[in-house]
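Peer 1: Since the structure of chain A is provided, determine the placement of chains B and C on it from the hints.
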Amino acid sequence: MPEVTIDWYIALSVILFTIGSLGVLLRRNAIIIFMSVEMMLNSANLAFVAFARHLGDLDGQVLVFFVITVAAAEVAVGLALIVAIFRTKKTINIDDMNLLKG
Amino acid sequence: MNAYGLAPLLLLFPALGVLFNGLVGRRFVEADARVGERWSGWVASLMAISSFVVAVLLFLTLQANEFHAMVVPIMDWISIPAANFYVPWAIRVDTLSVTMMLVVTGVGSLIHIYAIGYMHGDPNFSRFFTYFNLFIFFMLILVSGSTYLVLFVGWEGVGLCSFLLISFWFDRTNAAGKAMNADAGRKAFIVNRVGDFGMILALFLMFWTFRSLEFGTVFETAVEMFHSNHVVEFGLFSAPIGVVITAITALFLLGATGKSAQIPLYVWLPDAMAGPTPVSALIHAATMVTSGIYLIVRSNVLFELARESGPVIFGVISSPDLVALIGASTGLLAGLIAFTQFDIKKVLAYSTVSQLGFMIAAAGMGAYVAAMFHLVTHAFFKALLFLGSGSVIHGMEHGHHLHAHGHGDHHEDVFDPQDMRTMGGLRHKMPTTFWTYLIGALALSGIPPLAGFWSKDEILAHGNEHAILVYVVLALAAVCTAFYMGRQLHLTFFGEPRHEAAEHAHESPRLMTVPLMALAVLAVAGGFLNLPYLTASLAEANGNHPAGIFLGLESWLEHSITAFELSKEGIIHLPHTPIVLSPLVAGISTLLALLALGGAFYVYRNKPETAVDPDPLQKLKPLWWFRILPFETFYMKFVVPPFNRLADWLAFAVDWNFWHDFVHNNIIRDMFVSFATFLADVFDKFGVDGTVNGIGSVTKGLAGVIRRTQTGFARTYALGVFLGAVALLAYFLWVIF
Amino acid sequence: MGNPIIFLLLAVVAIGSAIGMLTSQNAVHSALYLVLNFATIGIFYIVLNAPFIAMVQITVYAGAIMVLFLFVIMLLGAEQLRGVTDVHGGERVHRAVAGLLAAVLLLASALLLFQSEAPTTAAPMLDTSPTALGLRLFAGYVFPFEVTGLLLLASMIGVFIFGKTKKRGKDA
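Residue numbers (our numbering), protein chains in the order written: chain A, 1 to 102; chain B, 1001 to 1737; chain C, 2001 to 2172.
So here's chain A without its partners, still in its complex pose (with noise of 0.2 Å):
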């Protein structure tokens, strides 16, 4: 049997990291774009405790305590941005709010 090692997390994380960042390059919906965001998120915090357990030091799960409040925050306040926008935009296809253009 082949043992788990710290590579295999390595891969996963990296997996699921470049489908988090396909979904935030391809989708239009900017609810799913913020979920993508999550995801990659997600994937940092996993590849943290990893090396955390591999490395046998405990500041690794510290920091993914840190990440997950600070993803709360940040989640909170994006969707109240997004509510916002479609208060007047009447969409969230991520396209249509291109007022920034030069």
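Any given hint could turn out to be false.
Derived pair list, reagent style DSSO-like, types lysine-lysine, alpha-carbon separation capped at 27 Å [unchecked claim]:
# : chain 1 : residue 1 : chain 2 : residue 2
1 : C       : K2166     : A       : K89
2 : A       : K90       : C       : K2166
3 : A       : K101      : B       : K1700
Chain B residues, not near chain C, derived (Cβ > 10 Å throughout) [what the hints assert, rightly or not]:
# : residue
4 : W1042
5 : N1124
6 : T1716
Chain A regions said to be covered by chain C (calculated; three or more residues, Cβ under 8 Å) [unchecked claim]:
# : stretch
7 : 18-29
8 : 41-48
In case anyone wonders, no lab produced these hints; they're calculated from the structure. All residues carry an ideal CB built from backbone N, CA and C; glycine is no exception.
Peer 2: Structure of chains B and C alone, referenced to chain A:
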């Protein structure tokens, strides 16, 4: 004792006096005339007296230190190491300069005190004393400088002060509307300038030849060069050192004729009598005019070397002989002119010129100590005579006021208080003035045992031994001196008063008569400074030492003149013979003087009786011819008009029309305008604007291109970020592997 | 660091739910897929000896954040919105570049992993009880902790401000 270090105080005191009177003196006088005048005048006099005290201390120091000369440096002035040219502000304390200092400050102090009384009531009282102290300051710089350049600074400075003081009452005009005081001052300054031109050229030559202007260095180098037959290069041509030294000394002579009023530059001195009498006494009798003699005596080494070079000037005469010749002829000419003058001060002015001629002639003959001796005694009795004449003028003015007010008519006739024709019989009205004046006049005429006899006869004796022509001319001049002094005495003090002013004249205040008495004492006793050996055997018995029976001026001055002590080791020695009283010369001169005095009294015994009668001397046409003042007439006819024409041409044609109108307006202004137009139209419009606009349009174009990245699509931005991140990762990978 | 079989099982579920979230046209389905993903990750945490973090993950991430997402999706009526399906030229390039970059990323990571010579033996098991975690947190990370508090405050204020309407009476 050692008071060498006190030397800078010598200059400090007069400077302080200048500052006091210049800055605050006026306010003192304006606030309260009596008290203010006292402050202003006495501060100035005390400054002069303080300088005299310092000079006495320096004298005692020299006595105590074996007459060791010392240069007291004050600060550096010019310092050019590359040319090895150093001119410091330094005071040379040696016997010659201390002699001059004593004369300047001593006589100067007495005249300061006299002036407090003389200038009483003048609204510009404090300005007078400012200038007076300034003059003392510059004169002390002149005599105490350790280099020729510092001497020259003082030289120019006293010329300036002379100008300021002669034209002190510059806004006074005479009956014809000419500002004669201002004119006189200008004349003095300009004529002096001609002499200064000679001085400057001499300084240039000196520096070129000897590479230094310091007394010791110059003399030492000159002697070395002379004995090694050095040839001086001037670029295109060269000259042997003898010729160069002759040129330098001849140019010094030019400077001396300007400052000491010799032929041909004496014409300013008689006109300078327009200034207040204390000015005439101090500057034009005792001190400034003697600076030419001081210069020649100081440069005795150079003059002796010039003498040894032989007849260089035009192959005819050597430089010192020229000096003697000019001095002697001036002495005679001025003496003859003095016969014909009516103004009491003008007579004394020409007398000064004549006596200066004596001194210059003595210096030219090589009798430097005799020249200095006569300088000192002349300062005493000429100052006395001038101050006495001031007292007379003062008395005449008061008499005129009294008379005019008493009679009610207000100055209907133009009254000149200085005209001797209006005087007469003043010996009863002004006794102190009379007796002191008499002493001065006798001293000037050379009557033993007064001071003038000893000094004048030393010069005559020297002439008799070494230069017979000079002796004859000077002896004639001495006769003239006695004659015109007798004439003046009689016209002024004897006979009957010829005008109501003389009738009502009275003695001057004590502030004026006390200095007169002090100077009279000096005029009597001054001769004892340098008495000669009475016989030749006495001289031999004393080892032929130059000093006479009283180890006086001769031995005192020999440390600076015949044995010049250099600041480094070494002493330059010049030969000198002992002065022995020559009974023949002394007897002849005394006899002639008494005869002349008696003759004058006889000619003028009763005449002129009234102010408008002609002078008895006019019957002797040849003598009266000198009234036309030969040199002045020549200058005014042939020198001044062409100069004025040249100056006018330069001012109008060259400066105004050409320079201002043509060059400034057409050339400079047009050039400037076209340049400015070019800058505005071409450079500014196309160059600067083009650059600025170009930058703007380039930025616009660039922005237009870059703007396309701002799509507004968030996903494109996200793609960009992702692209960047991946690129970084790829780079790191590449670095690792 | 755990049983390989369990790892593979869980990994498959995680990746599957991720791809499901990515491709689903229904926003609610996407959210639910994400919840599944988060739960799986939570289990991973337990395997990796981080029980407290696992609880936090489930509670906060799956329980609070995703619920919030679902609330907003319901609010905006996004379950009825269909994804836009027009694929114009620019979109194609965009997709191609994104895909390329993702491939590069995967490739690079694979390279790294296979080339690295880092030791793969895990460290001995730690005490990861909440007590230990708490001690570590408050011993060394007090300052970030406090800052995080401030951050939460700021986000609350921000949300509140964003939620305000100008018109009266109208609901948000």
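Peer 1: The structure should be examined with respect to each hint, and the outcome stated for every one.
Peer 2: Against the structure, the hints come out as follows:
Using a Cα cut-off of 27 Å, the hinted pair K2166 (chain C) and K89 (chain A) holds, with the two alpha carbons roughly 16 Å apart. Taken as a hint, the K90 (chain A) and K2166 (chain C) pair is honoured in the structure, with Cα atoms around 17 Å apart against an allowance of 27 Å. Between K101 (chain A) and K1700 (chain B), the direct Cα distance comes to roughly 17 Å. Compliance with the 27 Å bound is thereby established for this hinted pair. The beta carbon of W1042 (chain B) sits about 87 Å from the closest Cβ of chain C, which is more than 10 Å, so the claim that it is off the interface holds.
For N1124 (chain B), the requirement that its beta carbon stay farther than 10 Å from each beta carbon of chain C is met, with the minimum near 88 Å. Residue placement check: T1716 (chain B) does not keep its beta carbon more than 10 Å from all beta carbons of chain C (closest about 7 Å). For a cut-off of 8 Å, the count of residues in the stretch 18-29 of chain A with a CB near a CB of chain C stands at 11, and the three-residue condition holds. Check on the stretch 41-48 of chain A: 3 of its residues sit with their Cβ under 8 Å from a Cβ of chain C, so the three-residue criterion for coverage holds.
Hint compliance for this structure: hint 6 is the single one not met.
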